[in-house]
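J.: Chain by chain, the residues run as shown.
2 protein chains.
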Amino acid sequence: MEFSFRLIAADGAARSGELTTPHGVVRTPAFMPVGTQATVKGLAPETVRATGADILLGNTYHLMLRPGAERVAALGGLHRFMNWPHPILTDSGGFQVMSLAGLRKIQERCVIFRSHLDGAMVELSPERAIEIQNLLGSDIAMQLDECIKLPAPRAEIERAMQLSLRWAERSKRAFDGQGGRALFGIVQGGDDPALRAASARSLVDIGFDGYAVGGLAVGESPDVMRRVIDDVVPALPSDRPHYLMGVGTPEDIVEAIARGIDMFDCVMPTRNGRHGVAFTRYGAINLKNARHADDPRPLDDESSYPGARDYSRAYLHHLAKSNEMLGAVLLSAINLGYYQQLTAGARAAIAARRFDAFRAATLEGWARGDIPLR
Amino acid sequence: MEFSFRLIAADGAARSGELTTPHGVVRTPAFMPVGTQATVKGLAPETVRATGADILLGNTYHLMLRPGAERVAALGGLHRFMNWPHPILTDSGGFQVMSLAGLRKIQERCVIFRSHLDGAMVELSPERAIEIQNLLGSDIAMQLDECIKLPAPRAEIERAMQLSLRWAERSKRAFDGQGGRALFGIVQGGDDPALRAASARSLVDIGFDGYAVGGLAVGESPDVMRRVIDDVVPALPSDRPHYLMGVGTPEDIVEAIARGIDMFDCVMPTRNGRHGVAFTRYGAINLKNARHADDPRPLDDESSYPGARDYSRAYLHHLAKSNEMLGAVLLSAINLGYYQQLTAGARAAIAARRFDAFRAATLEGWARGDIPLR
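Order-wise, the sequence lines are chains Y and U.
In terms of the numbering used here, the first sequence opens at residue 1 and continues consecutively.
In terms of the numbering used here, the second sequence opens at residue 1001 and continues consecutively.
Possibly wrong hints are sitting among the right ones.
[Said to hold, decoys possible] Subject to a maximum C-alpha distance of 20 Å in a straight line, what follows is the list of computed EDC-like cross-link-like pairs (lysine to aspartate or glutamate): (1) K172(Y) / D205(Y); (2) K1172(U) / E1131(U); (3) K1321(U) / E70(Y); (4) K1321(U) / D118(Y); (5) K1321(U) / D1294(U); (6) K321(Y) / D1118(U); (7) K1172(U) / E1002(U); (8) K1105(U) / E1123(U); (9) K321(Y) / D294(Y); (10) K321(Y) / E302(Y); (11) K172(Y) / E108(Y); (12) K321(Y) / E1070(U); (13) K321(Y) / D310(Y); (14) K1288(U) / D118(Y); (15) K105(Y) / D118(Y); (16) K288(Y) / E1002(U); (17) K288(Y) / D300(Y); (18) K1321(U) / D1310(U).
[As the list claims (entries may be wrong)] Just the calculated beta-carbon pair ranges, DEER-fashion: (19) E1070(U) / A9(Y): 49 to 57 Å; (20) K1288(U) / E364(Y): 49 to 57 Å; (21) Q178(Y) / R1353(U): 54 to 62 Å; (22) N323(Y) / R1166(U): 35 to 43 Å; (23) G68(Y) / R1353(U): 51 to 59 Å; (24) E302(Y) / R1354(U): 50 to 58 Å.
[As the list claims (entries may be wrong)] Listing some non-contacts, in silico: residues in chain Y with all C-beta distances to chain U over 10 Å: (25) R27; (26) K41; (27) R71; (28) R104; (29) D118; (30) A152; (31) R154; (32) Q162; (33) R173; (34) D176; (35) D230; (36) S304; (37) K321; (38) G369.
It should be emphasised that the hints constitute simulated quantities derived from the structure, not laboratory data.
Even for Gly, the Cβ is constructed at its ideal location relative to N, Cα and C.
Turn these sequences into a full structure, and let the hints guide you.
T.: Okay, structure coming up:
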């Protein structure tokens, strides 16, 4: 199957659709669990699938360092390596070079960084980032970009945005698209509307299969994030998927769907699950809190994900307090299940042209908070 | 259902049979995964079930300290608490008091020990051990015993054995057997044949639903373990199940089955799995070894457990080297799957009166070692 995107319904700026990829169909709005080191932490692939995920994200930065892209290719590619036969999107490594690597030097040709694993100096160019993603065999590849933290001086934001555009062109030239695989460009420009608009315009001129909004979820306020999305999305082709990278909280996701975003990824559901926090329609719940110790009720007896119905709060509390691995495993899956329930709810609401009511009811549920103690 | 035991077949001293319990049937020889803190570490109950397990072991010592037996009872019992609707055997806490607790004092009436969790002084009497197991609602309860390390002076072994016998009587009086639940006695006596024989005789006089061999896997050699089993089993009623506590390696298990043991429990498959070691028909395999880094072959393409077929050695190596939680999860399940495959193989061989051939072929497979590198 060749990559394609089909809009199914729209309700205001919110859209639902379908991505077709070489490894299957992705329903949008879509949340992509993050499989950092070729694994969604703690979860077998069939468990990830059972949460409702259509597509995973793999991290080029991590996989290039260990086990290595050439090795994964020799083993049949990332899908076979991690036993996930469904769609995979890989990032380009740019974000982790910023957030994880030691000493790094950005040059026109490439970024040179010190591996966080063994201290080796490693080069990553736009061409190598694409080559790595070709080797991994992801269904959707991302251009290499330079992602900077906010706030930052305008000149610095502009420099990184212009460099990212030149890297976008080089990425496009390097990408072969074999087997129907897709390449997305990444809009940069920080919190500056003019720079964001210029970035989007130039990327559309180059022409990509989809467009991502990068450089958010890097320390800015929710208001800034939403304003940037409001600025960028209208500048993107409506017949291409719009991907908001690294976002976010359930509220961030609902608000971004309302503004025309189709795809998300974030470590939050699994990372917070490992720390004893559950995401539910009652908001985030800290299961380490003693209030749950004797509570026989499940997290949410109306959840579409069995894990949220089959275990008592008392049991999840016990696992979290005891630092039992199963607590991390169950809460990671429960949280992914909630994120999938949220995007599935959005898709259904958009199709029924009642997204505003869905959004209001969802926000109201979180604002009301957890069910009272009995 | 009331507890009962039915012998199906015998081949030499090896037996296959069926335990009926209030929560279902257990095929013997049976391996019981250990669910220490109300969880088999890292594995959801449906995963444990999928490995082929009929019955779990729960630890009285751990559960009495956290979350507490009264709390588990108020939450509907251990089966509901951990979402495992199948049979559960609970130990009496005696072994962990020896191996985990701080300062401890053995008295006629009870053992007093310092909790390894919070330093509190806790009393455990035979009556309280039974009360805790009643509250947990296990299908099979164990008497409280005093378990000592070997080697030990004969007088010390005899003292502990005699105390364990008096505790056996008190355990039997305290046990209500409601709902068809069973109580097992525990043979002690260290490595002394006369003491073992005396212990077995006295326990049979008291009368139990099943008989365990305790005080092994505490530092003695495999030869001593086998000799003690040879001494004890003939002294036990052949129409009751024989349970070898805390054992062991795959070889220990095959050799004990050959000597008339029906039930086993051990943390080895899950603990070693967490450390990157897989049990297979080729023997134990350390997946952290670099030889596996590029090996696309599964651990064992003829395994009856999917996890041993679905993931390459290269992937399991990557997970283990990266300290990824999924490595611990997959290898724990793969190892439990192998232990279940082993006991299932033994059951089939006994039924077909070819247990000696099964034992020889299994030992030969381990002795031959891992498949060669390609």
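J.: For each hint, tell me whether it holds in the structure or not.
T.: Results of checking the hints against the structure:
1. A threshold of 20 Å between alpha carbons decides the hint, and for K172(Y) with D205(Y) the separation of about 12 Å falls inside it, so the pair holds.
2. Distance check on the hinted pair: K1172(U) and E1131(U) sit about 12 Å apart at the alpha-carbon level, within 20 Å; holds.
3. At roughly 18 Å between alpha-carbon atoms, K1321(U) and E70(Y) fall within 20 Å of each other, so this suggested pair holds.
4. This hinted pair checks out: K1321(U) and D118(Y) have alpha carbons roughly 13 Å apart, not beyond 20 Å.
5. Only pairs whose Cα atoms come within 20 Å are accepted, and K1321(U) paired with D1294(U) is accepted, the gap being roughly 13 Å.
6. Restraint check for K321(Y) and D1118(U): the C-alpha separation of about 13 Å stays at or below 20 Å, so the hint holds.
7. With a CA separation close to 17 Å, the supplied pair K1172(U) and E1002(U) stays within the 20 Å bound.
8. About 10 Å separates the Cα atoms of K1105(U) and E1123(U), which keeps this hinted pair within 20 Å; it holds.
9. Distance restraint check for K321(Y) and D294(Y): the Cα-Cα separation of roughly 13 Å lies within the 20 Å cut-off, and the hinted pair is therefore satisfied.
10. Restraint check: the Cα-Cα separation between K321(Y) and E302(Y) comes to about 25 Å, which exceeds 20 Å; the hinted pair is violated.
11. Between the alpha carbons of K172(Y) and E108(Y) the distance comes to roughly 16 Å, so the proposed pair stays at or under 20 Å and holds.
12. For the proposed pair K321(Y) and E1070(U), the alpha carbon gap of about 18 Å is at most 20 Å, so the pair holds.
13. A hinted pair counts as satisfied when its Cα atoms are at most 20 Å apart, and K321(Y) with D310(Y) qualifies at roughly 19 Å.
14. Restraint check for K1288(U) and D118(Y): satisfied, since their Cα atoms lie roughly 17 Å apart, inside the 20 Å limit.
15. For the hint pairing K105(Y) with D118(Y), the CA-to-CA distance comes to about 18 Å; that is within 20 Å, so the pair holds.
16. Taking the CA atoms of K288(Y) and E1002(U), the gap is near 39 Å; set against the 20 Å cutoff, the hint is violated.
17. A distance of roughly 17 Å separates the Cα atoms of K288(Y) and D300(Y); the hinted pair therefore holds under the 20 Å criterion.
18. Under the criterion of a C-alpha separation no larger than 20 Å, the hint pairing K1321(U) with D1310(U) is consistent with the structure, at around 19 Å.
19. A C-beta distance of roughly 54 Å is found between E1070(U) and A9(Y), which places it inside the suggested range of 49 to 57 Å.
20. A hinted range of 49 to 57 Å holds for the C-beta pair K1288(U) and E364(Y), which are about 51 Å apart.
21. A C-beta distance of roughly 59 Å is found between Q178(Y) and R1353(U), which places it inside the suggested range of 54 to 62 Å.
22. One distance hint, 35 to 43 Å for the beta-carbon pair N323(Y) and R1166(U), holds here, with the actual separation near 38 Å.
23. A C-beta distance of roughly 52 Å is found between G68(Y) and R1353(U), which places it inside the suggested range of 51 to 59 Å.
24. One distance hint, 50 to 58 Å for the beta-carbon pair E302(Y) and R1354(U), holds here, with the actual separation near 54 Å.
25. In this structure R27(Y) is separated from chain U by more than 10 Å, as the shortest Cβ-Cβ distance comes to about 25 Å.
26. With a closest Cβ-Cβ approach of about 5 Å to chain U, K41(Y) is found to fall inside the 10 Å limit, against its non-interface label.
27. Consistency note on R71(Y): stated as away from chain U, yet its beta-carbon is not over 10 Å from all of that chain's, at 6 Å minimum.
28. No beta-carbon of chain U comes within 10 Å of the beta-carbon of R104(Y); the shortest separation is about 22 Å.
29. Every CB of chain U lies more than 10 Å from the CB of D118(Y), the least distance being 12 Å, so the non-interface label holds.
30. Every CB of chain U lies more than 10 Å from the CB of A152(Y), the least distance being 33 Å, so the non-interface label holds.
31. Interface exclusion of R154(Y) from chain U stands, the closest Cβ pair being 40 Å apart, more than 10 Å.
32. Consistency note on Q162(Y): stated as away from chain U, and its beta-carbon is indeed over 10 Å from all of that chain's, at 36 Å minimum.
33. Under the 10 Å C-beta cut-off, the non-interface status given to R173(Y) relative to chain U holds; the minimum distance is some 32 Å.
34. Listed as a non-interface residue, D176(Y) keeps its Cβ farther than 10 Å from every Cβ of chain U; the least gap is roughly 24 Å.
35. No Cβ of chain U approaches the Cβ of D230(Y) within 10 Å, the least distance being about 39 Å, so the stated non-interface status holds.
36. Distance to chain U confirms S304(Y) as a non-interface residue, since its nearest Cβ pair spans about 17 Å, more than 10 Å.
37. Interface exclusion of K321(Y) from chain U breaks down, the closest Cβ pair being 7 Å apart, not more than 10 Å.
38. Look at G369(Y): its CB is around 24 Å from the nearest CB on chain U, clear of 10 Å, so calling it non-interface holds up.
Hints 10, 16, 26, 27 and 37, counting from the list given before, are not met by this structure.
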